[in-house]
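Chemist: Sequential numbering from -2 applies to the sequence shown in the working numbering.
Everything labelled a hint here was simulated from the structure, so no lab data went into it. We put the beta carbon where it would ideally sit given N, CA and C, even for glycine. Careful, some of the hints might be misleading.
Said to hold, decoys possible - Once the Cα atoms are required to be at most 25 Å apart in a straight line, the calculated BS3-like pairs of lysine-lysine come out as:
1) Lys14 to Lys53
2) Lys67 to Lys44
3) Lys40 to Lys53
4) Lys67 to Lys40
5) Lys67 to Lys53
6) Lys14 to Lys44
7) Lys40 to Lys14
Unchecked claim - Restraint-style ranges between C-beta atoms, simulated for each label pair:
8) Glu13 to Asn47: 24 to 30 Å
9) Phe52 to Thr(-2): 27 to 33 Å
10) Gly16 to Lys67: 18 to 24 Å
11) Gly25 to Lys53: 28 to 34 Å
12) Gly4 to Asp27: 25 to 31 Å
13) Gly66 to Gly25: 16 to 22 Å
14) Glu(-1) to Arg33: 16 to 22 Å
15) Lys67 to Gly11: 15 to 21 Å
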Amino acid sequence: TEAVLCGIWQELLGLEKVGVNDNFFEIGGDSISIIRLFQRLNKHFGKIMNVSDLFKHNSIQLQAAAITGKFTPEDQQIEV
-2 TEAVLCGIWQ ELLGLEKVGV NDNFFEIGGD SISIIRLFQR LNKHFGKIMN
48 VSDLFKHNSI QLQAAAITGK FTPEDQQIEV
């Protein structure tokens, strides 16, 4: 899941490499890329996310956990 998300982020943001802990917005994510990201997440994973989900799960690691439903106690305590 994380590898697929890395590929999606790299393509959307025009980056050669992204890390699993990179913040989507800090590395260039904007309103247009959010829409494209949501389309790709739906296509690849069949998951619908909304803007508040992206702010809450703004790294690849957190998005992967949200998609797979595998949160650690630390993930659940993250504050935005």
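Chemist: Of the numbered hints stated previously, which ones are contradicted by the structure, given in increasing order?
Modeler: As far as the earlier hints go, 9, 11, 12, 13 and 15 are violated by this structure, in ascending order.
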